[in-house]
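Taken in sequence, the protein lines are chains A and B.
According to our numbering, the first sequence is numbered sequentially starting from 3.
According to our numbering, the second sequence is numbered sequentially starting from 395.
Treat the hints with care, as some may be off.
Label-pair distances were calculated between CB atoms; the ranges are [to be verified]:
no., chain 1, residue 1, chain 2, residue 2, range
1, B, 581, A, 107, 39 to 47 angstroms
2, A, 604, B, 655, 48 to 56 angstroms
3, A, 167, B, 581, 57 to 65 angstroms
4, A, 92, B, 519, 28 to 36 angstroms
5, B, 421, A, 134, 39 to 47 angstroms
6, A, 161, B, 549, 48 to 56 angstroms
7, B, 419, A, 83, 49 to 57 angstroms
8, A, 572, B, 581, 20 to 28 angstroms
9, A, 155, B, 655, 26 to 34 angstroms
10, A, 604, B, 421, 50 to 58 angstroms
11, A, 602, B, 419, 31 to 39 angstroms
12, A, 30, B, 549, 47 to 55 angstroms
Chain B stretches covered by chain A per the calculated footprint, using a threshold of three residues with CB under 8 angstroms from any CB of chain A [said to hold, decoys possible]:
no., segment
13, 507–516
14, 647–661
With a Cα cut of at most 20 angstroms, we get these calculated EDC-like pairs of lysine to aspartate or glutamate [what the hints assert, rightly or not]:
no., chain 1, residue 1, chain 2, residue 2
15, A, 371, A, 383
16, A, 572, B, 524
17, B, 635, B, 616
18, A, 572, B, 501
19, B, 619, B, 644
20, B, 429, A, 383
21, A, 544, A, 586
22, A, 371, A, 398
23, B, 429, A, 108
24, A, 544, A, 531
25, A, 301, A, 337
26, A, 301, A, 283
27, A, 60, A, 86
28, B, 619, B, 529
29, A, 572, B, 616
Hints are computed from structural coordinates only; laboratory data are not their basis.
Yeah, the Cβ is synthetic: ideal placement off N, Cα and C, and Gly gets one too.
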Amino acid sequence: MKVVAPRLSTGRVLALLGCILLVLAPHATRLPLWIAAVAAWSLGLRAVFAWRGWGLPKTWMLLILAASAAVGIWLSYGQLFGRDAAVALLILMLCLKLMELRAERDAYVLILLGYFLVITDFLYSQSIPTALYLLICVWFVTACLIAFQYRDRPPRPTAVLRQAGWMLAQAAPLMLVFFLLFPRVQGPLWGFPQAAYGAVSGLSDTMAPGSLSSLSLSDDVAFRVDFTTPPPTPARLYWRGPVMWDFDGRTWRAGDSAPLPLAEERPQTGQDVIRYVVTLEPHNLRWLFGADLPAQRPKDSLLTHDYQMFALRPVRQRMRYAMSSQLNYRIGLTESPRNIERALRLPQGFNPRSLEFARQLQQAHPDAKEIVRNALLLFREKPFFYTLVPPELGRDSVDEFLFTTRRGFCEHFASSFVFLMRAAGVPARIVTGYQGGVFNPIGAYLIVRQSEAHAWAEVWLDGEGWVRIDPTAAVSPQRIESGIAAAMPLGEPLPLMVRTDNALLRQLRFGLDAAANGWNQWVLGYTPERQLRIFERVGFGKANWQNLALALSAATALVLAVLSVLLLRKLRRPLRDPVQVLWDDFSRKLSRRGLPRRPGEGPVDYVRRVTAGQPTLAGDVAQIGALYTRLRYGASSGNARELAELRRRVRAFRP
Amino acid sequence: MNAPLSPRIADGPTPTSGRAPIVLTQRRVYILPTKQGLLYATMLALMLIGAINYNLGLGYVLTFLLAGLGIIALLHTWRNLAGLAITVGRTEPVFAGDPAVHEIRIDSVVTFVRPSIGVAPPGMPPVFVDVPAQDSCIARISMPTQRRGWQPLDTVRVSTTFPLGLFRAWSNVAIDSVVLAYPRPEADGPPLPAVSGEDAGAGVTGAGSDDFASFRSYSPGDSLKHVAWKAAARSDVLLVKQFAGSAGRERWLEWRDVHPALPLEPALARLARWVLLAEEGGERYGLRLPGTEIAPGGGHDHRDHCLEALALFDGKVTR
């Protein structure tokens with residue numbers, strides 16, 4: 003029994019430090035080394051202080067440290083208020099607060115900071131493993147909070163953990179109700195959150211030999227597609243990305259592309275329309291991917307004359323957009339002379355042998371289509387190999403590839419083909435993007451990974467416009483038909499997740515991806531539009547925030563009512579010993595006759611007193627008393643027959 | 395000044411034991427957020443803003459989970475207090491200046507433990523106890539005493555902030571616990587006066603009793619100074635030495651011996667010291683105050699009786 007404890011017990015301080023360590027751990031990899039070191043050092047130091055019982059540093063020392071921390075942050079991040087800088091500052095302030103941990107008040111502030119740190123972790127990762135880890139952290143921090151509320155004797159850790167777990171479980175239904183019904187507001191509320199995503203793999207606006215094959219080493223998901231119309235086979239899906247026009251001898255560049263006037267947006271022929279929803283992972287650039295050819299593009303997007311789709315701002319957060327495409331199309335029937343000229347431009351002094359070959363083609367076949375066909379014949383007849391690890395190419399990369407090495411990845415094929423076309427007088431351009439994808443039977447959606455990145459060509463034919471030609475298909479048709487995993491023999495360094503050999507692994511991969519996708523769609527992607535749409539579908543009335551608020555209040559009240567009943571019913575009906583209940587009934591009957599049982603008066607004394615006061619009742623009272631004594635204290639404990647006898651007698655007792 | 399003799403005292407050493415316990419029913423228990431609860435709410439608001447601004451799905455999950463936790467805490471805190479039965483326990487008399495200890499018994503009929511129930515007298519920090527399941531426990535409240543006489547404790551505030559410290563549930567309970575404060579004995583002063591001629595007996599002078607006469611067996615209340623310890627070590631029987639002259643010698647402690655030489659309170663202080671000295675010396679002593687006369691006797695009960703008379707003396711000289 004204690005008056006308010008002035009000092010914190012060592013055990014609880016150490017537990018709190020442990021919880022903070024758990025919460026800080028995920029940040030360690032993202033912080034500059036000096037901040038991580040400071041955090042580890044302060045945690046350790048405070049633990050030693052607690053263990054040894056030493057005094058804590060004075061406040062003025064901590065103020066100086068706080069000022070130096072701010073300066074340090076400024077030097078490391080260049081600012082104090084960006085997302086990363088603010089998080090680092092918060093962590094440093096928490097470390098300083100550790101040094102000030104004297105009273106329960108300080109412990110409480112640290113616990114709140116702990117909760118806040120958990121949410122800052124979500125700024126960097128919201129995957130399922132992160133969520134599970136941080137849920138455990140929240141559980142532990144809540145247990146700390148409960149532990150500090152024990153003011154008499156410190157509790158046992160298991161008891162506190164169990165209580166915290168129960169309370170979180172009881173809070174979960176409320177959380178679900180709020181999550182579904184709390185009116186969502188579309189962020190951001192201020193400025194643009196500078197989501198400084200680190201190195202994110204993906205396509206870029208340049209292509210050099212080796213750029214796409216290195217991308218194939220990544221099994222990161224580029225995007226996922228949910229089809230609303232029956233999905234076509236992956237072989238027909240070419241996902242359009244950056245379009246490259248300019249070649250400098252080694253590297254192709256996308257350059258600038260003028261936007262397409264709205265009037266020209268609808269390509270002719272309307273067959274094979276597919277409708278789908280793309281969930282695009284962030285990649286720090288502005289490209290939005292759609293199947294060739296985008297027919298109906300998402301709002302807030304831009305279409306260029308070469309049908310690249312751009313978002314208004316770089317894609318730094320996972321985004322979802324609905325669109326439709328036409329798989330049969332014709333574009334660019336009338337193309338401006340400037341574009342044609344650009345599509346024929348080649349740098350001087352490179353690849354003489356290929357130039358010569360192309361000139362021969364042009365002279366032999368006046369028809370452009372024949373030129374195309376014969377160029378493809380080169381790829382089919384000569385021994386070309388499709389591989390992820392081709393040999394290095396020198397200055398005349400096209401010459402070396404076409405006539406010497408003949409081993410390459412899609413960028414080599416596309417690049418050399420377009421070079422030949424341009425040299426032969428056929429306007430051509432490179433289109434990069436993704437080809438195909440893998441269908442996930444669990445969840446019925448298409449997964450397109452970075453490893454499906456692809457490059458192909460488009461040539462301009464008079465009367466037909468821009469036509470897709472995929473030289474890779476000439477060399478490795480399996481790549482187009484069945485995806486990269488089928489096209490690559492075992493020796494190639496494809497990432498594990500992309501391989502299709504092991505059936506069990508494949509199932510596991512599908513299951514994990516389906517779980518991640520469900521998570522992305524329903525937990526992370528629960529946007530205001532989705533909320534309103536679901537609300538309408540369930541049929542609670544018009545979907546506006548007033549109805550939402552009403553539904554929220556009603557659901558909250560309902561859940562609270564149920565929880566109240568469950569929690570508070572223990573107050574009303576405590577388990578009581580039936581023998582005791584009968585004795586109380588007996589005493590109550592006697593008290594109505596003026597002979598109440600005194601608190602703490604035992605049965606023998608009571609019986610004696612009653613007998614003295616009312617001799618007429620002596621016999622009954624004595625028997626009841628004896629029965630009770632035997633049942634409660636003596637040999638007949640648990641004897642059902644005697645209990646029934648006592649019940650009968652008490653019921654019949656009329657003083 | 396002095397409270398009049400309370401009729402309750404007549405019941406015996408536990409004057410309020412006959413009272414029914416006060417049960418903290420729904421209507422008696424109030425609940426409000428604490429300062430920490432408000433801070434928690436502020437944190438939640440900031441988290442929500444952060445989740446909206448950065449579009450963090452899991453940020454919403456965390457904010458709503460913690461909000462739900464806060465709401466659940468209200469139920470738990472209220473439940474921790476409701477249904478307790480408060481009874482006043484026994485008290486022991488103390489000397490003025492020493493802290494008076496009031497015992498509050500807390501009964502719980504529910505099957506769960508109620509940790510951190512705080513019992514606070516008005517204006518003082520609470521004393522915390524953990525009330526076990528289907529059992530009772532005692533909270534001891536220590537209050538300083540300045541004067542002699544009845545030290546009442548009229549109300550206590552029973553409160554709890556368990557389990558999360560976000561809400562405080564409390565109830566003001568009217569109890570009537572009293573502790574009797576005896577006058578503080580003088581720190582040092584003149585020794586016991588000589589036994590006057592009025593007293594019957596052998597009239598041997600000297601406060602000490604040196605003439606050993608015989609043994610008699612020990613009765614509870616006998617001064618332990620007179621126990622024959624060496625004999626007890628040999629035979630396991632407690633014997634008390636009887637001294638010549640102590641059997642019949644009595645002394646009277648008189649009001650007129652100390653007053654009006656001393657003012658009221660110091661006079662009582664001196665008398666109190668004399669009572670203690672007399673008891674320590676194993677004498678038989680009586681007390682004569684205006685309006686009260688206590689026949690000579692010895693032992694702890696007799697001493698307490700005398701001290702009580704001194705504590706409650708209202709200073710009115712009736713003769």
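ask   = Is the distance from the Cβ of residue 581/B to the Cβ of residue 107/A consistent with 39 to 47 angstroms?
value = For residue 107/A against residue 581/B, whose Cβ atoms are near 42 angstroms apart, the range 39 to 47 angstroms holds.
ask   = Is the Cα-Cα distance between residue 572/A and residue 501/B 20 angstroms or less?
value = 15 angstroms, holds
request  = For the pair supplied as a hint, residue 635/B and residue 616/B, confirm whether the alpha-carbon distance does not exceed 20 angstroms.
outcome  = 10 angstroms, holds
ask   = Has the given pair, residue 619/B with residue 644/B, been kept, meaning a C-alpha gap of at most 20 angstroms?
value = 18 angstroms, holds
query = Are 3 or more residues of the segment 647–661 of chain B near chain A, judged by a Cβ distance of less than 8 angstroms?
reply = violated (count 0)
query = Is it true that residue 419/B and residue 83/A lie within 49 to 57 angstroms of each other by Cβ?
reply = 53 angstroms, holds
query = Are at least 3 residues of the segment 507–516 of chain B within less than 8 angstroms of chain A when you compare beta carbons?
reply = Holds, because 3 residues of the segment 507–516 of chain B bring their Cβ atoms closer than 8 angstroms to Cβ atoms of chain A.
task = Could you tell me whether the CB distance from residue 30/A to residue 549/B stays inside 47 to 55 angstroms?
result = 54 angstroms, holds
task = Confirm or reject the claim that residue 155/A and residue 655/B have a C-beta distance inside 26 to 34 angstroms.
result = For residue 155/A and residue 655/B the Cβ distance comes to about 54 angstroms; the hint is violated.
request  = Confirm or reject the claim that residue 421/B and residue 134/A have a C-beta distance inside 39 to 47 angstroms.
outcome  = 44 angstroms, holds
Satisfaction of hint between residue 283/A and residue 301/A, Cα-Cα up to 20 angstroms = Judged against 20 angstroms, a Cα distance of about 18 angstroms means the pair holds.
task = Given the hint of 28 to 36 angstroms, check if residue 92/A and residue 519/B actually sit that far apart at their C-beta atoms.
result = 33 angstroms, holds
Hint violations for this structure: numbers 6, 8, 9, 10, 11, 14, 20, 21, 22, 25, 27, 28, 29, all remaining hints satisfied.
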